[in-house]
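A.B. asks: Sequence:
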Amino acid sequence: MNSSSAKERRALILRQLETKEEVLVTELSRETGISEVTIRKDLTILQGRNLLVRTRGGAMRKPVENPNEDVAISKKQMFNFREKERIGEEAAKMIKDGDFVMFDSGTTTLEVARHLDSFHNLHIITNAMNIATELMNYKRFDVVLLGGNVRVNSHSTVGPLALTVLRNFSRYKLFLGVDSFSIENGISTPSMEEALLNQIMIQQADKVIAVFDSSKFNKRSFVHIADANEIDCIVTDHAIPNGLVSKLKAAGVEVKLV
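Here the numbering used here is used: the first residue of the sequence shown is 2, the next is one more, and so on.
Hint data in this document are derived by calculation from the structure and do not stem from the laboratory. Yeah, the Cβ is synthetic: ideal placement off N, Cα and C, and Gly gets one too. Be a bit skeptical, because a hint or two may be false.
To be verified - Taking lysine-lysine and the DSS-like style, the derived pairs with C-alpha atoms no more than 30 angstroms apart in a straight line are:
1) K97 to K63
2) K94 to K248
3) K94 to K208
4) K208 to K250
5) K174 to K97
6) K42 to K220
As the list claims (entries may be wrong) - Restraint-style ranges between C-beta atoms, simulated for each label pair:
7) M137 to I46: 38 to 46 angstroms
8) M193 to L52: 29 to 37 angstroms
9) G34 to H124: 49 to 57 angstroms
10) K250 to K97: 22 to 30 angstroms
11) F101 to G253: 22 to 30 angstroms
12) R83 to S30: 12 to 20 angstroms
13) T27 to E185: 38 to 46 angstroms
14) G148 to S36: 49 to 57 angstroms
15) N138 to F101: 38 to 46 angstroms
16) R50 to A251: 28 to 36 angstroms
17) I46 to K21: 14 to 22 angstroms
18) R83 to P242: 15 to 23 angstroms
19) D228 to N51: 27 to 35 angstroms
Could you build all of it, start to finish, from the sequences and the hints given here?
C.D. replies: Right under this line is the structure:
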């Protein structure tokens with residue numbers, strides 16, 4: 002099929018997603034005879050209309066959102082990956098050489114950890130096994146991985162041992178992953194164990210920097226972690242819902258948009 006009409010191409014993409022979980026740029030380009038660059042633009046436009054979710058190499062059906070579902074990190078990392086990369090790059094600019102840094106588990110905090118090339122002397126604590134593995138690639142940072150029970154969904158450690166070790170650290174910059182956020186209810190998560198660990202992280206931090214894409218706004222999960230005014234800074238993307246930036250600033254929260 003050779004479809005040169007943007008409307009026809011985008012309708013084709015949506016029809017395919019009615020029967021397939023994912024479509025690939027390479028396959029769509031071959032089927033339509035249109036360049037991969039143009040197909041990617043089509044997917045970006047459809048995502049902007051809230052009709053699908055971009056993935057690496059293609060797009061997926063927009064999932065039915067349930068803020069109380071404990072989604073596996075392997076699935077989370079497929080969503081909004083370009084926004085997460087830009088958020089990670091911007092958030093990393095808030096770090097200085099010699100800093101003590103805490104990385105919470107999450108796909109966006111992982112992106113912060115991937116943007117530390119310019120640093121030579123950092124002291125890092127994390128409860129995320131995949132982030133600790135990423136940090137090992139630098140071969141020059143002092144890295145502490147909190148022990149404890151392993152949560153398969155988040156690749157993180159939780160439980161009494163993690164809490165005990167965490168209480169030995171304080172006065173760090175915390176990069177906090179977020180499942181759900183609203184002005185009225187603050188940060189929340191489906192996991193009680195994650196919530197307990199995050200609460201201690203926040204209490205002992207010098208600065209709390211929440212990093213998450215705009216899809217997490219105006220949502221509430223099962224377990225409350227912290228109120229909005231307990232966050233010092235939010236780094237997110239420009240698709241943040243209208244009016245929220247001014248409300249966050251009124252609550253004393255710095256907002257950085259990418």
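A.B. asks: So which of those numbered hints doesn't the model satisfy?
C.D. replies: 1, 15
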